[in-house]
Structure formats: structure tokens, C-alpha cells
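According to my numbering, the sequence shown holds residues -6 to 844 in order.
These are calculated hints, taken from the structure and not from any lab test.
Note that CB positions come from ideal geometry on N, CA and C, so glycine has one too.
Mixed in with the good hints there might be a few duds.
[Said to hold, decoys possible] With a straight-line Cα cutoff of 25 Å, these simulated DSS-like cross-link-like pairs (lysine-lysine) come out:
| no. | residue 1 | residue 2 |
| --- | --- | --- |
| 1 | K642 | K585 |
| 2 | K588 | K544 |
| 3 | K567 | K585 |
| 4 | K415 | K398 |
| 5 | K632 | K649 |
| 6 | K415 | K388 |
| 7 | K473 | K415 |
[Stated by the list, open to error] Label-pair restraints from in silico Cβ distances:
| no. | residue 1 | residue 2 | range |
| --- | --- | --- | --- |
| 8 | K567 | I637 | 19 to 25 Å |
| 9 | Q381 | M307 | 48 to 54 Å |
| 10 | I320 | P420 | 52 to 58 Å |
| 11 | R134 | R154 | 18 to 24 Å |
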Amino acid sequence: MLLANKIQDKMEPEQHYVFHNEEDLLYEEEILRNAYSVKHWWRYIDHLRTTQSPNLNVVYERALKELPGSYKLWYAYLRHRVKQLVGRPINDPLYEVVNNAFERALVFMHKMPRIWMDYCTLMTEQGYITRTRHIFDRALRALPITQHHRIWPLYIDFVKRHNVHEMAVRVFRRYLKLAPEETEEYIDYLISIERLDEAAMKLANIVNQDDFVSKHGKSKHQLWNELCDLISKNPTKIKSLNVDAIIRGGLRRYTDQAGPLWNALADYYVRSGLFERARDIYEEAIQTVTTVRDFSQVFDAYAQFEELSLKKRMEEAAENPTEDDDIDLELRLARFENLMERRLLLLNSVSLRQNPHNVLDWHKRVELYEGQPHEIINTYTEAVQTIQPQLAVGKLHSLWVAFAKFYEKNDQISDARTVFEKAVMVPYLKVDDLASVWCEWAEMEIRHGFYKEALRLMHRATAMPSRKVAYHDESETVQKRVYKNLKVWSMYADLEESFGTFKTCKAVYDKIIELKIATPQIIINYGLFLEENNYFEEAFRAYEKGISLFKWPNVFDIWNTYLTKFLKRYGGTKLERTRDLFEQCLEHCPPKHAKALYLLYAKLEEEHGLARHAMSVYERATGAVLPEERFEMFNIYIKKAADIYGVPKTRQIYEKAIEVLSEENTREMCLRFAEMEKKLGEVDRARAIYAHCSQICDPRITNNFWQTWKEFEVSHGNEDTMREMLRIKRSVQAMYNTQINMMAAQMLNNQTNDSMDAMKLLDNRASESALANDVIRPSQTINFVRGATEGGKSASKVVNPDEIDIDMDVDDEDGEENDNDSEGGEMEEDVPIEKQIIPSQVFGSLKNEDD
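From just these sequences and the hints, can you work out the full model?
So this is what it looks like as C-alpha cells:
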């Protein structure tokens, strides 16, 4: 009790300390001994906070009285007092007690921003505008400027919360001096309170600042669009800015956004009520934009404006009709219709503004003016004056030609000639362009019957320049190089053939050959021209000149025409000369063109020469043509030989064909050869041919061959020959299977770890075994028919009609006979390939028999 009395004596009259337990006395004793120790006071406070003692506020006050400079105690005490306000009404007297505590704390803690922030937040919640503003100002004055960024967000939030716009504007202005990067927030606030004039000015300022960086990540272009949108939609509220100048500055700066900017400027005048001025802006826009996208945006807005204006005027006329309503409505309707009619023309103007050197766009513009001759003439004139030949996109000469044809269509030939006269002086990039102009000019003269004038033009176009220049020398003008243009000379030659004399036309063709610009077609035309005038030898000399100018394969057409005409002219009367021509032609003839020429040569020999010469030509042809044409050529050779010498004489041709043709063609040739021998009754020869061909016939692929041979043996052979055929078939099959079996073994070795089961492996082996052995099944019955020339053994007696017992006797190299009786109907072992029939021996024996 004595200690408690001492504590009460030291406390203020309004502070009442109530003891609840003896534990507090222990802390009080420590405090009495260490009154200026923060640690002991904090330990006491933690104890009271834990026990939720009502003496906590009193102890805080006692501690702060002893230690008023402790930030830790003040901060904890103020937070504790603020927590006590939770759930209490704003008009509770406890708020003033807490405010007083903050004021007492700031006497010592006025440099602590956290205390100021909590105090300002508390005052903002209480809703005292002026008092709170003063506290914020005191905080800004008390704290150093480096701490102001912690106060200003609270201050801005406070002024936004209350509907006192002037105060908020003034606070924002002060804030922007410290943080100009927050201008966007100020602009948003100004727009929200309808102070658009100042907002537009601030937005214009940040757009003009090169070093301004938006906190929201907006680009200068986005800010500019926001400014244009703001000033264009609020013309009556923005007085401090020159809207027209600002938007036009944007048009110069942001050329890729011309459409939206033009629409914004027009919208500004529309909202201002200046409709005629808005219409002028739209017209200016569609006459200046350079992209189709911008044009589409402006034109759509313009059309919508005219439509709404017309609709609005019609509504006004319906409500308050006057005498001038009809005239005004007709004028507006005509203006709207005129705008829609001009759309394609305006769009074409946009394309030409993009590239005034585009020839195709100028042609389209002329088409749009159809039915307006004066506009067409003006368009053509503007086009040829605007387009620079070096920059022209498309064929510039087509524009000049179309210009002249327009005058021609209107029967103004003199004006068309004037246009052509100017057109031939244009420095085109290519000689062909100038040549086309000359040709079109001449064709115009021909269409109107001025043939001499056309010839004069061609003579003028092909005139030699003062000095000789190279055709491909681009440093020279096209006017100096056109004399070597084939297009001009070809037309000149055609005109001379039609309207000139023989002498002048021949001179033109000779000049073409002299200039070395002739083509095979020119040479052929020259020869035909001479032939039509009965100068046959001159025509042949012209062909020979052409042959000397060109090489294979370009000379093929000339040779073909030359030889055909020569044969037609002389037939077989000049046989040796014709042969010399053919030999000259075929000397360097490539295989691609040899077939037709050899056939022509052979036909000559058949009709006018010797048969052996014709056969010699055919034989040469089989080796001179392309590999894929040899089979056809051999067939022709065989047919001709059979017609001239008879079928037996074709055997040598068949043998040569079999040697040189591909396997596929060789099989076909062997089958034909064997068929021929069979028809001649030479069964042994046919069998030898089959045996020779069998070496290139895989039984799995060429089943047709083996079926043919089998049918042949059934019809003309016996058991021995059938047995021999089957032996050869197995040998050939084994030869082809060797490689396949090696590949299969390799694959099986690689698939040892694969999931293939034993049954599948057995099936595969069984299939290979069945493929390798061609056994005649009991169900098969073969009826042999003795050949007309066959002299073999008689057929052995068959015990079982459903089974064939084949005994094979094969003589070895020593002449001894080996008997291999097969049991169970099995076939005997395969004969080695080297013991089979050798093709060269077969054909050698056939030749001996023929001899």
C-alpha cells in the first residue's frame, strides 16, 4: 500500500491507476528504480497488453511523460489509441482525445513521416476539410522534401474525396511542381470535374514535351489521339487552344493516322455548328490522303455526315415547312449523290498520289471518265507529262498508244499522228517499247489505207544511226538502238511482202540477215517468200544462210523445211545432192530431233534410191535416236526389212535389238522374235529365244512371259522340253531370290528384339519356300502336242492319271549319264546357271544354221 500511494502521488489528477494484481507491483518497482529506461517501460507495457489491463493507456502516458523523445513509445501508443476508435461513430468525444494525443506527439515527433501519415489518415476519415488541409500543409512544412512523396498521395486522395474543386485544383498544381510525371492523373481529374479547357492545355503541354514519359505506358501518339479526341468533341468548352492548328500539326507529324485526324478536325467543326466549314475539311481530306485506308475512313465519315445532314433537314422541313425547303433539299440530295458518284474517281486519285508513275492507274482513270472526251484528253495529257520513264510502273508506251487511238477513234488522224510523233521521242527504258510504238503507228496507217505512209514509217524506224551502236548498250538512247529490233524489222518485212515490190522485200530480208538479228522463223518466211515468187534456188540459198547462222537445236525447223521443200521440188532427180544435204544435216543432229530426219531420209532412199541404202539409213537411225525411241525405230526397221527382203532377213535386226534395248523392250522384242520363228516353223529357234530371254525375266514380275513359254511348250514340246523350261525357271528364280534372301536375313537379324512371334516367322519362311519352288501340283494336267519339227523321245506311260512322273537324264561334262530318281514326286536339283543354255551359243548356232 505504501508503494501504491507513492505512485498515485506522482500521477496527474485525471489519471487513475487501479491495481488488479500483485504482478503489476513488480514492474512498478522496476520503473521506480529505472524511470528513464525504455526497456523496462516496454516490458511493463507488454505485460499489460498481454493481461489486457485497463491501465495500459495510463502507463503509456506515464512512460511518455518520462521519455517524451521515444519514437517507439509514441508510435505504439498512437496505434493503440487509433485501434480503440474502431467501431465508434465519428462524433464520439474519444476522436478528439486521440487527435490531442497526435498533437502532443508531434511536438516531439514532427520529423517523423509515419506519425504525420497516420494523423492525416485519421483526420481524413473524420471529414474535417479545412482542419485536415491545414494538417497536411503542416506535415509538408515540417517534413523535409525528400519525405514529401509519402504525404502527397494521401493529400491527393483527400482532395479527390470531397467536392471542393478549387481546393483540389490548387493542391494538384502544388503537387505537379514536385512530381510533374503525375500530370496524367491531374488531367483525368480535370476531365472528371468538367474543367476541359485546362485539361486540354495540360495534355497539349505533355504532348509537346519530348522528355515526358507516361506512367501508364502511353506513347506520344496515344496522347496525341487523346488530345484530338478531347478538343474535337468539346469545342464549346475549350477556348484556350487553336484546335485547327493543333490537328493540322498532327497531320504533318503523324502521317500514318491522317484519316482519324481529318475526321477529328471535321467533327470539331460539326460540333461547333460550322457545317460548311466541316464540309470543306472533308473535301480537303479526300483530296490529300495518300492511303486507301485513310480515304475509306474519311469518305465513310463524309458520307455519313451528308446523310445525317439531309435527314435532319428533311425532319426540320416536315415540322416547319417553308418556301425554300424544296430547293435546299434538292441541293443537299444532289450533293450527296455527287459524292457517291465520285467515289471511284477519288479512290483512283489516292492511288495516283501514292505513285503518280503507275501506268495502270492512269488507264483506270481514263476508263472512269468514259463519255467525257475533254476529261479523257486532260487525263492523258496529265499522265504523259507526269510519268517519268525511269520511274514508270508498267508499260509507258501503252499510255501513248491509247492516247493516239482515242484520237483515231474520233476520226482525228492528224492529232493521232501528232501523239505518235511525240511518243517515238520519249526516252523509254526498253527498245521493245519504242518498237511497239512504231508498229502501232504503222498499223494505224494501214487501217486507214495509207500503205505508203506505213512503209515510210518502217523505213524511218529502221534507218541506221549516224554511228553504229550496240543493241544492248543501255548508255545509248533507245532511238539509236531501235534499228536492230527484230519486231520492227518483222513488221517491215510483212509490209513489204504485202505492199512493196519483190526487190524491196528481198532487200529487207537480206538486211535482217546482214544485221544478224534473224530468227529461224524469219529464215523460213524468207524462203517461203522466194518460193512463192518462183525463185526456188534463191529460197534454198536463203535456207543455207540460215543454217550457217544457227546451231542445233535452233536450226531443226530450217533443216526440216529445207529438206521437205527440196524433196518436193526435185524429188529423186537430184539424188546425190539430196543425200549430201541429209548427210550434212545428220552430221551434228542431236538424238532428240534425229528420228524425223532419218525417217525422211529413209523414205527418200525407198522411193528413189536403193533398198540397201534405205536399210542402212534405218540401221543408223536405231543408234542415233533417243533411247526411249529405239524400240519404235527397231519396229519400223523390222517392218521395212520384212517388206523388202522377207521375214527371215529380220533375224539379224531382232538380234541387234535384243542386245541394245532396255530389259522391258528386250522382253517384248524376244516375244515377237519367238512368235515369228514359231510361225516359220522353227520351234528350236523359238525355244532358244525363250531360253535367252528368261535370264532377264523375274518369275514374280514377268508372269506373262513364263505363261507364254509354257503355252508354247504345251503346244510344240514334250516332257523333256517342259522339264528343261521348269529347270530354267527355278534357276532364274533362285538367282533373283539370292539378293532378296540376303536382305531378308539381314532384316531378321536386325529384328531379333522385335515383337514378331514364332508363328509369323514360320509363315514368312513358308511363303519364301513356296515362292522358290515351282512344283506342278497333282491337280494340274498338261497335254503335250508333238511339234511339227520335234523329234524327241516318246512320252512315258503314266501310271496315275493325276500325277506326272518326270525322269530327267542330264549328261555331265564327261559324257556320263547320271540317274537321279526323285521320290515322293519331288523335282531334281537345280542345274547350275553356268550349265544352262548360253545366249551367245544359241544365236551362234542359229546363225550357222542360217548359213
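Exercise for review: Sort out which numbered hints this structure fails and list those numbers smallest first.
Suggested key: 1, 3
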